[in-house]
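Trainee: So you can see what is in the structure, the chains are spelled out below.
2 protein chains.
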Amino acid sequence: MVEDQKEVDRVFHALSNQTRRGMVRQLSGGECSVGDLARPTRMSFAAASKHVQVLEKAGMVNRRVEGRQHICSLRPDPLREASEWLSFYEKFWAGNLDRLARVVEADMKKEKK
Amino acid sequence: MVEDQKEVDRVFHALSNQTRRGMVRQLSGGECSVGDLARPTRMSFAAASKHVQVLEKAGMVNRRVEGRQHICSLRPDPLREASEWLSFYEKFWAGNLDRLARVVEADMKKEKK
DNA sequence: CTGATCTTCAACCATGTGGTTGAACGTAGA
DNA sequence: TCTACGTTCAACCACATGGTTGAAGATCAG
Numbered sequence: 003m004v005e006d007q008k009e010v011d012r013v014f015h016a017l018s019n020q021t022r023r024g025m026v027r028q029l030s031g032g033e034c035s036v037g038d039l040a041r042p043t044r045m046s047f048a049a050a051s052k053h054v055q056v057l058e059k060a061g062m063v064n065r066r067v068e069g070r071q072h073i074c075s076l077r078p079d080p081l082r083e084a085s086e087w088l089s090f091y092e093k094f095w096a097g098n099l100d101r102l103a104r105v106v107e108a109d110m111k112k113e114k115k
Numbered sequence: 003m004v005e006d007q008k009e010v011d012r013v014f015h016a017l018s019n020q021t022r023r024g025m026v027r028q029l030s031g032g033e034c035s036v037g038d039l040a041r042p043t044r045m046s047f048a049a050a051s052k053h054v055q056v057l058e059k060a061g062m063v064n065r066r067v068e069g070r071q072h073i074c075s076l077r078p079d080p081l082r083e084a085s086e087w088l089s090f091y092e093k094f095w096a097g098n099l100d101r102l103a104r105v106v107e108a109d110m111k112k113e114k115k
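Just so you know, the sequences run in chain order G and X.
Sequential numbering of the first sequence, starting at 3, is according to the working numbering.
Sequential numbering of the second sequence, starting at 3, is according to the working numbering.
Hints listed in this document are in silico derivations from the structure and should not be mistaken for laboratory results.
You may find that some hints are simply not true.
[Stated by the list, open to error] Cross-link-like lysine-lysine pairs, in silico, DSBU-like; alpha carbons within 30 Å at most:
#, chain 1, residue 1, chain 2, residue 2
1, X, K59, G, K93
2, G, K93, X, K52
3, G, K59, X, K8
4, G, K52, X, K8
5, G, K93, X, K8
6, G, K59, G, K8
7, G, K59, X, K93
8, G, K52, G, K93
9, G, K8, X, K52
10, G, K52, X, K52
11, G, K8, X, K93
12, G, K8, G, K93
13, X, K59, X, K8
14, X, K59, G, K59
15, X, K8, X, K93
16, G, K52, X, K93
17, X, K52, X, K8
18, X, K52, G, K59
19, X, K59, G, K52
20, X, K59, G, K8
21, X, K8, G, K8
22, G, K93, X, K93
[Unchecked claim] Negatives, chain X to chain G, calculated, CB over 12 Å:
#, residue
23, G24
24, G37
25, D38
26, R44
27, F47
28, A49
29, S51
30, K52
31, V54
32, R70
33, L76
34, A96
Virtual Cβ for every residue (Gly too), placed ideally from N, Cα, C.
With these hints in hand, go ahead and build the complete structure from the sequences.
Mentor: Printed below as a string of structure tokens:
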């Protein structure tokens, strides 16, 4: 697991904004232009363009220029890596009863006071 | 999927920092005090304390005060929700594009506001 | 009580974020 | 050509982030 931590930072940061998550969702339905991504948001094209650049720098979006349009598509790899990072902790909410028991116990102590 | 978008923002933001991911990893090995979380980082206690607060506000960490120590434990729910958000796109990198498109469409209808 | 320990708080600083506006650029179409 | 379109860039703004330091609050040990 040779995670590039800076890239992981960028991916989670990119996902920490609702507008950008909306763009990811839209792109998961197929390629579209920056304008297509900007339209459902109520901000300026410039602002939407910046969001696309954040996704791009996180490696989550590819862009190709076609005439005057910039066509974006989703690159799934960083999403998969982020998902793998999280699934490491799956043992907390599934399957590993010992750890789960500890968590529950801590929770009960907290509620007692 | 009744996502509180602000909470999702906070969870991904909390994960977008290597120091905080390290704390999550450490906490996954069991409860520990703020000091225990601060020690492996090379920053001041105050800085580490702020990081813990970010995790707390994201709902990922519980704290109970025991004497002069603040004992932290991992709360798995927000991690699970983030993981579910991501795994929604698993179909994307697993290659079943038609199915993804259909699921996305259904989800967008559900989230219409 | 005294002093050490664990933690937070307040103030400060440099830098980043998310948005705006207005200008500029390249391309498409009349 | 001239105009409209899609996009970015540059400058700016308010606010958040991630770090520091120094002081202050509790709590424990002697």
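Trainee: Each of the hints needs a verdict: does it hold here or not?
Mentor: Here is what the structure says about each hint:
Straight-line distance between C-alpha atoms of X/K59 and G/K93 comes to about 22 Å, which keeps the hinted pair within the 30 Å bound. A hinted pair counts as satisfied when its Cα atoms are at most 30 Å apart, and G/K93 with X/K52 qualifies at roughly 27 Å. Distance check on the hinted pair: G/K59 and X/K8 sit about 23 Å apart at the alpha-carbon level, within 30 Å; holds. Between G/K52 and X/K8, the direct Cα distance comes to roughly 21 Å. Compliance with the 30 Å bound is thereby established for this hinted pair.
The suggested pairing of G/K93 with X/K8 holds, with an alpha-carbon distance near 25 Å, which does not exceed 30 Å. Proximity of G/K59 to G/K8 is assessed by CA-CA distance (about 11 Å); at most 30 Å being required, the pair is judged to hold. With a C-alpha separation of about 23 Å, the suggested pairing of G/K59 with X/K93 holds against the 30 Å cut-off. Note on G/K52 and G/K93: the hinted pairing is violated, with a Cα-Cα distance of about 37 Å set against a maximum of 30 Å.
With a CA separation close to 20 Å, the supplied pair G/K8 and X/K52 stays within the 30 Å bound. This hinted pair checks out: G/K52 and X/K52 have alpha carbons roughly 28 Å apart, not beyond 30 Å. The hinted pair formed by G/K8 and X/K93 meets the criterion: a straight-line CA distance of about 26 Å does not exceed 30 Å. Between G/K8 and G/K93, the direct Cα distance comes to roughly 25 Å. Compliance with the 30 Å bound is thereby established for this hinted pair.
Between X/K59 and X/K8, the direct Cα distance comes to roughly 11 Å. Compliance with the 30 Å bound is thereby established for this hinted pair. Distance restraint check for X/K59 and G/K59: the Cα-Cα separation of roughly 27 Å lies within the 30 Å cut-off, and the hinted pair is therefore satisfied. A hinted pair counts as satisfied when its Cα atoms are at most 30 Å apart, and X/K8 with X/K93 qualifies at roughly 25 Å. For the hint pairing G/K52 with X/K93, the CA-to-CA distance comes to about 27 Å; that is within 30 Å, so the pair holds.
Proximity of X/K52 to X/K8 is assessed by CA-CA distance (about 19 Å); at most 30 Å being required, the pair is judged to hold. The hinted pair formed by X/K52 and G/K59 meets the criterion: a straight-line CA distance of about 27 Å does not exceed 30 Å. Between X/K59 and G/K52 the CA atoms are separated by roughly 27 Å; this keeps the pair inside 30 Å, and the hint holds. Pair hint X/K59 plus G/K8 holds up; C-alpha atoms about 23 Å apart against a cutoff of 30 Å.
Between X/K8 and G/K8 the CA atoms are separated by roughly 24 Å; this keeps the pair inside 30 Å, and the hint holds. In summary, the hint linking G/K93 to X/K93 is supported, as the alpha carbons are separated by about 22 Å, within the 30 Å threshold. For X/G24, the condition that its CB be more than 12 Å from all CB atoms of chain G is violated, with the nearest at approximately 10 Å. Interface exclusion of X/G37 from chain G stands, the closest Cβ pair being 18 Å apart, more than 12 Å.
Consistency note on X/D38: stated as away from chain G, and its beta-carbon is indeed over 12 Å from all of that chain's, at 15 Å minimum. No beta-carbon of chain G is positioned within 12 Å of the beta-carbon of X/R44; the least distance is around 15 Å. Annotated as non-interface, X/F47 keeps its C-beta farther than 12 Å from every C-beta of chain G; the closest such distance is 22 Å. For X/A49, the shortest C-beta to C-beta distance to chain G comes to about 17 Å, beyond the 12 Å cut-off, and the non-interface label holds.
For X/S51, the condition that its CB be more than 12 Å from all CB atoms of chain G holds, with the nearest at approximately 19 Å. Every Cβ of chain G is farther than 12 Å from the Cβ of X/K52; the closest lies at roughly 17 Å, confirming the non-interface assignment. Separation of X/V54 from chain G is adequate, the least Cβ-Cβ distance of about 15 Å exceeding the 12 Å criterion. No Cβ of chain G approaches the Cβ of X/R70 within 12 Å, the least distance being about 16 Å, so the stated non-interface status holds.
With a cut of 12 Å on Cβ distances, X/L76 falls inside the contact zone with chain G, its closest approach being about 6 Å. Residue-level check failed: X/A96 sits 9 Å from the nearest beta carbon of chain G, not beyond 12 Å.
Hints 8, 23, 33, 34 from the list above are not met by this structure, while the remaining hints are.
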